[in-house]
Amino acid sequence: MKGRRRFTTVSLQIAMLVVILGVWELLTRTGVIKPFLLAPPSAIGRQIIAWATSGVLWPAMGETLYVLLIGYLVGVVGGVVIGMLTGRIPFFRYYFDVFIVFLNSLPRLVLIPFFIILFGFGHAPGIIVTALIVIFIVALNTRVAVDEFGVDFVQNARVLGATPIQLLTSVYLPGVALSIVSSARLSIGLGFQAAVVAQFFGSPAGLGFLIAQGQQSYNSTQIYAGIAVTSILAYLMDLLLGQAGKRAGRWLPANA
Amino acid sequence: MPDAATRAGGDAPLLTIDRVSLSYGGADAAVDAPVAVEDVSLTVQSGRFVSIVGPSGCGKSTLLKMVSGLERPSAGSISVSGTPVRGMRRDVGFVFQTDALLPWKTLRDNVGLALRYRGVARAEASRRAQDWLSRVGIGSLGDRYPHQVSGGQRKRASICATMVYEPELMLMDEPFSALDVQTRDLIETDVLRVWEELGNQSIIFVTHDLEEAIAMSDRVIVLTRGPGRIKADYTIDLPRGRDVREIRSDPRFAEIYQKIWGDLRVEVLAAQDRQTTTAR
Amino acid sequence: MNTRLRTKLLAWAAAALTIVLLLGWWQGIDARTASFLSRPVDVIQDLGNWATSPDLRADIGVTLAEAIVGLIVAAIAAIVLAAILNTSRLLADVAEPFIAATNSIPKLALAPLFILVFGIGFNAKVNFVVVSVFFIPFYALFFALRTVDPTIRAHVRILGAGRLHLIRDLYIPAVIGSLTASMRSALAFALVTAVIAELIAATAGIGYQISSAGQNGQPARMLSGVLVIGILGFVLDRLLLLVERPFSRWRIAGRRTT
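Chains as they are written, first to last, in this note's numbering: chain A, 93 to 348; chain B, 14 to 293; chain C, 12 to 269.
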């Protein structure tokens, strides 16, 4: 029964996909929906291919990914450090809480224009904003994981003679690795969004630039194509991190 | 089969299970799907407390679900009070193993829910619900939400919620397995008291705890390991008006326990064997 | 207990000291740097303008309206769509991967699209907020309806609930529960979305003011604008918590997720 039901579900999904794409193409090609409002899938596809072959796509992707990567790494590392500090040492917890409560209400993305004035149109604004967004998420999640970390594991290791450093590397880090990976996965979507949005504001390159350029030149197909590429990239990154998460969580029982 | 399967009695049985089987995957499972319960036949008269014991995976919970109408058998038929079970039965009560109370309603509102569904006015339903809560000792907790009270108190409320419309047949699926031993003993004594007060209600009680089963029942049925079939059917001739803890020191208790455990043990060990081999 | 209190006070003192030092250093920068960084005193002073100037107050009102109207429409649409998709289990199963796919789209990246297609007016901004924010309550509601506790559902059915009873006693509370839970982040996101859209292109709103200030070399206004958003977000969040309280009485007090 399960097999039969699954077959029905999947075939309906494929059918739905075909129908959606077909109707979309039809309505926009014939002009029922103005192609300016909603670009036909075929046009979007052509634009992406044109970008790929003309060598525009790869530098743009590279540019955005570069900003994301640096900001993301800084954010993750910083987040883990702060998370572990605030999780283990009460002084740091209370200390950082003061700043976190205040800064959390402040949407980091709206600081982009300010950072552009400070640092110019280069990579810096995007990297900084991405890092700020990621660091919050990772720090908070890591702190929670450290909080909830089984006291038994720690006490056991100490009885066995672990020094604080050994405790850190052999007990804490592996234990919270899963939480780190999951918060990394959570934050990469937002980090990527930050990198792209930062490129709306006068950046000379990147996927965000391609999208903004589409807007400025009244070319909605270009915008749709840019969004499509961005979304596919986001999806792939999430998939990759999902795989990494599975490997980190190998030791978990199946239903955890 | 060792002991008498049915009580002598002129009245028609409350529950008849006739050659019922269920394969995993539900009523429209594939032909070669594993079988949960196989060819089970059973009758229960009114006013009896019957326990079903068996190793994990023997299908005892599944059997209960089929009686209530939550699941449909792949073969065979079930009838309650003379009418066949087709879909959900409203004259049957079911107490689940896990929390089933609506978290967003107070205990009193939860207990009165069945009455409201049966068209009873709000004030009257509230009154009767409060009455039941008091009968099981949680009368002061009527306005609390489920998360505000202990597991034992929630379980008492769940029992009230199903008892409140006084179903002739009450089904309980390992209802107390999540509670600690002391709470369990207290609740069980209360359940027996309330059941005896009602008079002609039958309870079918599924558990893996043989002591619990013997302490509470008139009759204990042993199922084999999966696919579950009836292995044995014992009559418990211990006196009524029992205290669940004290009855265990009755010499007859130990005798009965040894006898039934003889049958059950074989099934439990075999089931464990199979579990470890499949785990490898 | 005493040591904990002591540590707390010590930490707060250290934090206060850090803030004072930072602000002090910032206040004391040279004039040339101050021309694009401004000074704390200037920012605080400008903050007052936001409260007193009617034009600035109107801008706050515009952004607020964009966010709240967008949020309400998004919430209603989310309830309707999540309910429709969950009327049949098959339908929900079929829809699920499509819904998961929409998760990958960075919503704020759609801003230029909405500007191009709908313009830069109030309605355009509201449309954008609706589409962006929609997904937050939608995902929550879709999965809440999909994963209603089967034991509770079976229990209620056995008690004699009919179809309508199930909707009233089981599904609607589940909807309200997950809606209130997701509203806080939806509200925060609505505010950010409105401001980002205004930053890119607009004729009014807090984001518009920040953008103009940037172009006119007024860093103090830029920063005070950011502060206003922060304060607005904080106040709205607290208000929402207050409004939610009667609806969340039955919840187990969980970990506060920011």
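Since the hints were made in silico from the structure, they are not lab data.
Honestly, I wouldn't trust all of these hints.
Keeping only pairs whose Cα atoms sit at most 25 Å apart, straight-line, the calculated DMTMM-like set for lysine to aspartate or glutamate is [as the list claims (entries may be wrong)]: (1) B/K244 x B/E179; (2) B/K272 x B/D250; (3) B/K244 x B/D52; (4) B/K244 x B/D222; (5) B/K272 x B/D231; (6) B/K78 x B/E181; (7) B/K244 x B/D231; (8) B/K118 x C/E255; (9) B/K78 x B/D31; (10) B/K78 x B/D156; (11) B/K78 x C/D160; (12) B/K78 x B/D104; (13) C/K19 x A/D189; (14) B/K118 x C/D160; (15) B/K118 x B/E179; (16) B/K244 x B/D276; (17) C/K19 x A/D239; (18) B/K244 x B/E268; (19) A/K338 x C/D53; (20) B/K78 x B/D52; (21) B/K272 x B/E179; (22) C/K19 x A/E117; (23) A/K338 x C/E255; (24) B/K78 x B/E179.
Here are some chain B residues pointing at chain C (derived, C-beta under 10 Å) [to be verified]: (25) S81; (26) R85; (27) H160.
Since the model is a prediction, treat every value here as computed from it, not as a measurement.
A virtual CB, placed ideally from N, CA and C, is assigned to each residue, including glycine.
Here is how each hint holds up against the structure:
1. The straight-line distance between the Cα atoms of B/K244 and B/E179 is roughly 31 Å, outside the 25 Å bound, and the hint therefore fails.
2. Restraint check for B/K272 and B/D250: satisfied, since their Cα atoms lie roughly 13 Å apart, inside the 25 Å limit.
3. With a C-alpha separation of about 11 Å, the suggested pair B/K244 and B/D52 falls inside the 25 Å cut-off, and the hint holds.
4. Taking the CA atoms of B/K244 and B/D222, the gap is about 17 Å. The hint holds against a cut of 25 Å.
5. At roughly 15 Å between alpha-carbon atoms, B/K272 and B/D231 fall within 25 Å of each other, so this suggested pair holds.
6. The straight-line distance between the Cα atoms of B/K78 and B/E181 is roughly 16 Å, inside the 25 Å bound, and the hint therefore holds.
7. About 17 Å separates the Cα atoms of B/K244 and B/D231, which keeps this hinted pair within 25 Å; it holds.
8. A C-alpha spacing of about 17 Å is found between B/K118 and C/E255, which places the hinted pair at or below 25 Å, so the restraint holds.
9. Among the hinted pairs, B/K78 with B/D31 is consistent with the structure: their alpha-carbon atoms are about 15 Å apart, no more than 25 Å.
10. Our distance criterion of 25 Å between C-alpha atoms is broken by B/K78 and B/D156, whose separation comes to about 31 Å.
11. Distance check on the hinted pair: B/K78 and C/D160 sit about 17 Å apart at the alpha-carbon level, within 25 Å; holds.
12. Of the pairs offered as hints, the one joining B/K78 and B/D104 holds, with about 14 Å between alpha carbons and a cut-off of 25 Å not exceeded.
13. A hinted pair counts as satisfied when its Cα atoms are at most 25 Å apart, and C/K19 with A/D189 qualifies at roughly 10 Å.
14. For the proposed pair B/K118 and C/D160, the alpha carbon gap of about 15 Å is at most 25 Å, so the pair holds.
15. For the given pair, B/K118 sits about 21 Å from B/E179 by alpha-carbon distance, which is consistent with the 25 Å threshold.
16. At most 25 Å may separate the alpha-carbon atoms for a hinted pair to count; B/K244 and B/D276 meet this at roughly 8 Å.
17. About 17 Å separates the Cα atoms of C/K19 and A/D239, which keeps this hinted pair within 25 Å; it holds.
18. Distance restraint check for B/K244 and B/E268: the Cα-Cα separation of roughly 19 Å lies within the 25 Å cut-off, and the hinted pair is therefore satisfied.
19. Taking the CA atoms of A/K338 and C/D53, the gap is about 51 Å. The hint is violated against a cut of 25 Å.
20. Taking the CA atoms of B/K78 and B/D52, the gap is near 16 Å; set against the 25 Å cutoff, the hint holds.
21. Of the supplied pair hints, the one linking B/K272 and B/E179 is violated, its CA atoms being roughly 34 Å apart against a limit of 25 Å.
22. For the hint linking C/K19 to A/E117, the alpha-carbon distance of about 62 Å lies beyond 25 Å, and the restraint is violated.
23. Note on A/K338 and C/E255: the hinted pairing is violated, with a Cα-Cα distance of about 37 Å set against a maximum of 25 Å.
24. Taking the CA atoms of B/K78 and B/E179, the gap is near 19 Å; set against the 25 Å cutoff, the hint holds.
25. Taking 10 Å as the C-beta contact cut-off toward chain C, the hint placing B/S81 at the interface holds, the least distance being around 6 Å.
26. Taking 10 Å as the C-beta cut-off, the interface hint given for B/R85 is violated, the closest approach to chain C being about 14 Å.
27. For B/H160, the shortest C-beta to C-beta distance to chain C is roughly 4 Å, which falls under 10 Å, so the interface hint holds.
Checked against the numbered hints given earlier, the structure breaks hints 1, 10, 19, 21, 22, 23 and 26 and satisfies all the rest.
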